[in-house]
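Chain A is already provided as a structure; the job is to place chain B on it using the hints.
Protein chains: 2
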Amino acid sequence: MVSFTIQNVLIAASDDYATVDVQIVDGAIAAIAPNLPVIGTVIDGKNKLLLPGFFNAHTHSSEMWQRGIMSVLPLELWLAELYDFAPLDTEQVYLSALGTAVETLLSGGTSVVDHLVLIPGLELETIATATRAYREVGIRAFIAPLIQDESLSAGIPSGESARTHEPYHRSTAATLEIIEEAVRQFHRPDEGVNILVAPTGIQLCSNALFAGCIELSDRYNLCRHSHLLETRAQEKLAQEKYGCTAVEHLKRIGFLSDRTTLAHCVWLNDADIAILAETQSTVVHNPLSNLRLGSGIAPILKYRQAGVNVTFGCDGASSNDSQDLLEAIKMGSILHNITDSDYQHWITPRQAVEMASLGGAKGLNLADNLGSLSVGKQADLVLYDLTNLSLLPRTDPIGLLVLGRPNNVVDSVWVNGKQIVADGKVTTINVDELRQELFNRSQWETKRKSETVAQIEAHYRTVMGL
Amino acid sequence: MVSFTIQNVLIAASDDYATVDVQIVDGAIAAIAPNLPVIGTVIDGKNKLLLPGFFNAHTHSSEMWQRGIMSVLPLELWLAELYDFAPLDTEQVYLSALGTAVETLLSGGTSVVDHLVLIPGLELETIATATRAYREVGIRAFIAPLIQDESLSAGIPSGESARTHEPYHRSTAATLEIIEEAVRQFHRPDEGVNILVAPTGIQLCSNALFAGCIELSDRYNLCRHSHLLETRAQEKLAQEKYGCTAVEHLKRIGFLSDRTTLAHCVWLNDADIAILAETQSTVVHNPLSNLRLGSGIAPILKYRQAGVNVTFGCDGASSNDSQDLLEAIKMGSILHNITDSDYQHWITPRQAVEMASLGGAKGLNLADNLGSLSVGKQADLVLYDLTNLSLLPRTDPIGLLVLGRPNNVVDSVWVNGKQIVADGKVTTINVDELRQELFNRSQWETKRKSETVAQIEAHYRTVMGL
Numbered sequence: 001m002v003s004f005t006i007q008n009v010l011i012a013a014s015d016d017y018a019t020v021d022v023q024i025v026d027g028a029i030a031a032i033a034p035n036l037p038v039i040g041t042v043i044d045g046k047n048k049l050l051l052p053g054f055f056n057a058h059t060h061s062s063e064m065w066q067r068g069i070m071s072v073l074p075l076e077l078w079l080a081e082l083y084d085f086a087p088l089d090t091e092q093v094y095l096s097a098l099g100t101a102v103e104t105l106l107s108g109g110t111s112v113v114d115h116l117v118l119i120p121g122l123e124l125e126t127i128a129t130a131t132r133a134y135r136e137v138g139i140r141a142f143i144a145p146l147i148q149d150e151s152l153s154a155g156i157p158s159g160e161s162a163r164t165h166e167p168y169h170r171s172t173a174a175t176l177e178i179i180e181e182a183v184r185q186f187h188r189p190d191e192g193v194n195i196l197v198a199p200t201g202i203q204l205c206s207n208a209l210f211a212g213c214i215e216l217s218d219r220y221n222l223c224r225h226s227h228l229l230e231t232r233a234q235e236k237l238a239q240e241k242y243g244c245t246a247v248e249h250l251k252r253i254g255f256l257s258d259r260t261t262l263a264h265c266v267w268l269n270d271a272d273i274a275i276l277a278e279t280q281s282t283v284v285h286n287p288l289s290n291l292r293l294g295s296g297i298a299p300i301l302k303y304r305q306a307g308v309n310v311t312f313g314c315d316g317a318s319s320n321d322s323q324d325l326l327e328a329i330k331m332g333s334i335l336h337n338i339t340d341s342d343y344q345h346w347i348t349p350r351q352a353v354e355m356a357s358l359g360g361a362k363g364l365n366l367a368d369n370l371g372s373l374s375v376g377k378q379a380d381l382v383l384y385d386l387t388n389l390s391l392l393p394r395t396d397p398i399g400l401l402v403l404g405r406p407n408n409v410v411d412s413v414w415v416n417g418k419q420i421v422a423d424g425k426v427t428t429i430n431v432d433e434l435r436q437e438l439f440n441r442s443q444w445e446t447k448r449k450s451e452t453v454a455q456i457e458a459h460y461r462t463v464m465g466l
Numbered sequence: 001m002v003s004f005t006i007q008n009v010l011i012a013a014s015d016d017y018a019t020v021d022v023q024i025v026d027g028a029i030a031a032i033a034p035n036l037p038v039i040g041t042v043i044d045g046k047n048k049l050l051l052p053g054f055f056n057a058h059t060h061s062s063e064m065w066q067r068g069i070m071s072v073l074p075l076e077l078w079l080a081e082l083y084d085f086a087p088l089d090t091e092q093v094y095l096s097a098l099g100t101a102v103e104t105l106l107s108g109g110t111s112v113v114d115h116l117v118l119i120p121g122l123e124l125e126t127i128a129t130a131t132r133a134y135r136e137v138g139i140r141a142f143i144a145p146l147i148q149d150e151s152l153s154a155g156i157p158s159g160e161s162a163r164t165h166e167p168y169h170r171s172t173a174a175t176l177e178i179i180e181e182a183v184r185q186f187h188r189p190d191e192g193v194n195i196l197v198a199p200t201g202i203q204l205c206s207n208a209l210f211a212g213c214i215e216l217s218d219r220y221n222l223c224r225h226s227h228l229l230e231t232r233a234q235e236k237l238a239q240e241k242y243g244c245t246a247v248e249h250l251k252r253i254g255f256l257s258d259r260t261t262l263a264h265c266v267w268l269n270d271a272d273i274a275i276l277a278e279t280q281s282t283v284v285h286n287p288l289s290n291l292r293l294g295s296g297i298a299p300i301l302k303y304r305q306a307g308v309n310v311t312f313g314c315d316g317a318s319s320n321d322s323q324d325l326l327e328a329i330k331m332g333s334i335l336h337n338i339t340d341s342d343y344q345h346w347i348t349p350r351q352a353v354e355m356a357s358l359g360g361a362k363g364l365n366l367a368d369n370l371g372s373l374s375v376g377k378q379a380d381l382v383l384y385d386l387t388n389l390s391l392l393p394r395t396d397p398i399g400l401l402v403l404g405r406p407n408n409v410v411d412s413v414w415v416n417g418k419q420i421v422a423d424g425k426v427t428t429i430n431v432d433e434l435r436q437e438l439f440n441r442s443q444w445e446t447k448r449k450s451e452t453v454a455q456i457e458a459h460y461r462t463v464m465g466l
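Note that the protein sequences, when read in sequence, are chains A and B. Sequential numbering from 1 applies to the first sequence in the numbering used here. Sequential numbering from 1 applies to the second sequence in the numbering used here.
There may be inaccurate statements among the hints.
Unchecked claim - Here are the simulated lysine to aspartate or glutamate pairs, EDC-like style, with alpha carbons at most 16 Å apart:
{"no.": "1", "chain 1": "B", "residue 1": "418", "chain 2": "B", "residue 2": "215"}
{"no.": "2", "chain 1": "B", "residue 1": "236", "chain 2": "B", "residue 2": "248"}
{"no.": "3", "chain 1": "B", "residue 1": "46", "chain 2": "B", "residue 2": "385"}
{"no.": "4", "chain 1": "A", "residue 1": "425", "chain 2": "A", "residue 2": "385"}
{"no.": "5", "chain 1": "B", "residue 1": "302", "chain 2": "B", "residue 2": "278"}
{"no.": "6", "chain 1": "B", "residue 1": "449", "chain 2": "A", "residue 2": "385"}
{"no.": "7", "chain 1": "B", "residue 1": "449", "chain 2": "A", "residue 2": "15"}
{"no.": "8", "chain 1": "B", "residue 1": "302", "chain 2": "B", "residue 2": "340"}
{"no.": "9", "chain 1": "A", "residue 1": "449", "chain 2": "B", "residue 2": "16"}
{"no.": "10", "chain 1": "B", "residue 1": "447", "chain 2": "A", "residue 2": "15"}
{"no.": "11", "chain 1": "A", "residue 1": "447", "chain 2": "B", "residue 2": "16"}
{"no.": "12", "chain 1": "A", "residue 1": "447", "chain 2": "B", "residue 2": "15"}
{"no.": "13", "chain 1": "A", "residue 1": "418", "chain 2": "A", "residue 2": "26"}
{"no.": "14", "chain 1": "A", "residue 1": "449", "chain 2": "B", "residue 2": "15"}
{"no.": "15", "chain 1": "B", "residue 1": "251", "chain 2": "B", "residue 2": "270"}
{"no.": "16", "chain 1": "B", "residue 1": "251", "chain 2": "B", "residue 2": "215"}
{"no.": "17", "chain 1": "B", "residue 1": "447", "chain 2": "A", "residue 2": "16"}
Source of the hints: derived by calculation from the structure; they are not laboratory data. This one's a predicted model, so the numbers in the text were calculated from it and none came from an experiment.
In isolation and in its complexed conformation, chain A is listed as follows:
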């Protein structure tokens, strides 16, 4: 495995910056100090900032195919439109995984948690395809196959206590078998590919499915991932379904843990927040989709005050409509200043960087190996070009990166010590070919009419009091 030395690079040091050399040996950070002897290749770090790689801790890669075109709708109706127009094939899955990886890398991410939508009947092929794409790019992949065992209509509160829905097309047992087979075939943490158990959320999953996921997680040492209380409708639904909050229910069934990441967490009360802290669960904050879908503002400052670990995700590109992690980090920081008039609670740019890096590593049970520039940790690193116009004039580099609107500032990226971006270009795949493929397989169009939205909209408006 290659070794290299980054010379004269700016790094964050306590409340200041330091100019140092960084030695990488066999994929790990071997030393950080000024004037180190050169080991391996020399990388010029002058006028550059080195940070640990960020985690894009929640996304759905194949949503890239519908970004920009989804109607302005709340989640429940938006989902209906999404699925009406999502007849994916594995080639599309491949290309959108590549695209998601590229946009994540070029905005400072070295890891992606892909809550991967599975093509019905081609579930393992879908997982294999995404695995192949992420391996080709070289990004660290956490593939979380999106599973459920209730049909989409079950996700909207009925407004009544009786709940009956058409059966889901696949049995709970068959779904769990797919996940176990995926673990056997693709779960290779040492090679940068991880499979997670990832029930969609309480809105579409039975207790049996959650139980099966917990069992697999314990048996194979897998991280757990799920949506949680993204919308007010889900809050209502949990009360209908369980007679308690979704968090109380998830605690009771044992899903919450220090390797559980929960996407969104918008509609939690103070008791719920205490449960997340107690169980050491991680919140994945997806500020852009929460705004785009009108879901609300997740109480991130409260989470931080309660000691809950928080990190950031882009969410799927159909509700964002991008995969730019720096944008998610910026919005996920400044959005909360309007929720608490005491500015002493506001998130600083350095805190945001820690949330995006170490926060992600913690949530995936990898804080000992990833998430900070520390000797002994694996070299998932990003080098930013501080001479870019969007980072000038020179002030506070981390402030510019987090609060500004950087364009093309990622110079180099290494994952596990392997360089996969150099001079601002992804070196492992041909991005121009990717662009051409995405172009050829799509066409410009305007708003479409979703039949499912037309069917369920009146019910949704009634239940939600609109």
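Relative to chain A, chain B alone:
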């Protein structure tokens, strides 16, 4: 004046897109239709989208020098820090005006309203310098010299009815003389340079200053610009100062009109909103600084429902911390989905484009000449490259542009028919030299200690109940 024809370009047409040719003759749009005869130079519009230029309808260009480094503070304390570290010279004013123009152009803007901070004692020189910079770049400039006649401490509520503050360093009459001289020297609407009367806001201006501005506006046919109710503190202050809301006061003294643009407008009540509608005033929405400074969410959906014209601004780069107009438009659209659960009120991408273009033109009393692709209007145009990865796969181009996170998508820009961006590069100035100058005149640093913040913070916390 040059003429040209853009061939085979995508434009928005009612609820769809059309591929057309666009003829520009002598700086104006002469024809829009398929298969037009070529006039002048041919521009290839294939795989490109043509939109009217947007307005960066509120900014403070020289704040670029402190972007990225300002503490996370609410406006009143943030301003104190800003002014403690703002010893500008005219060379800095020149460079930051260039930088503001470049970032605005490369994010779809063809006009900038610069609420320009004046160097004390060098007021006319400051205005001359900004004028020179904008003329060199070729962006349409609306220079709104920032004037006040009360000292900074007057901008924080006293918590009492008695209000005394140290006098401002320049008399009201002297300030108005500067503006009148600036109008004589620099106000050249036909050449793309406009001077506005632009009192800072009710928080720092006497009635005499407002009256003088109104008089100049009427005499010289100048647009009017001001901050309005950006923070809760200003809402309190207006009650202390006038015994009524700031909007009621501004209406009473005659400042509101169909050529008045008002930045922020966060803390207005329903009666205030009705006044804005009645006076045909324009709201300039600055979503990013409102979040960054914790000012709040401006009630933009209410404005739209009341028939108030709304457009977007980046605000100064120290509170944003960028000048990317597409980012402001995206956030200024999706942010409001959490303020109204009825998604039928949410802003669509096409509406956002109209707000950013025609909305800006209306506010500056130029709706007959600018703000849409209409035959007879001046050619302030932006051509977007739809083959950029951030705008792929091909779905709805305007949806991708507004809701996505476009990078380097501006291919060409024309202002009054003159091309000033080609192949994604500004052609009128040397941007690499600009970068080098910004780099050389700055240094990386971390948080600074503001003495003024230390002096006023305790009072601020008391008055604001923190």
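Okay, the hints, checked on the actual structure:
1. 418/B with 215/B: Violated, because 34 Å separates the two Cα atoms, which is more than 16 Å.
2. 236/B with 248/B: Holds, because 14 Å separates the two Cα atoms, which is no more than 16 Å.
3. 46/B with 385/B: holds (9 Å)
4. 425/A with 385/A: holds (13 Å)
5. 302/B with 278/B: With a Cα-Cα distance of about 14 Å, the restraint between residue 302/B and residue 278/B holds, given a limit of 16 Å.
6. 449/B with 385/A: Violated: residue 449/B and residue 385/A sit about 27 Å apart, past 16 Å.
7. 449/B with 15/A: holds (13 Å)
8. 302/B with 340/B: Holds: residue 302/B and residue 340/B sit about 9 Å apart, inside 16 Å.
9. 449/A with 16/B: Holds. Residue 449/A to residue 16/B sits at ~14 Å (cutoff 16 Å).
10. 447/B with 15/A: Holds, because 8 Å separates the two Cα atoms, which is no more than 16 Å.
11. 447/A with 16/B: With a Cα-Cα distance of about 8 Å, the restraint between residue 447/A and residue 16/B holds, given a limit of 16 Å.
12. 447/A with 15/B: holds (8 Å)
13. 418/A with 26/A: holds (9 Å)
14. 449/A with 15/B: It holds: about 13 Å lies between the C-alpha atoms, which stays within 16 Å.
15. 251/B with 270/B: holds (15 Å)
16. 251/B with 215/B: Answer holds: residue 251/B to residue 215/B is near 15 Å, not above 16 Å.
17. 447/B with 16/A: holds (8 Å)
In summary, the numbered hints that this structure violates are 1, 6.
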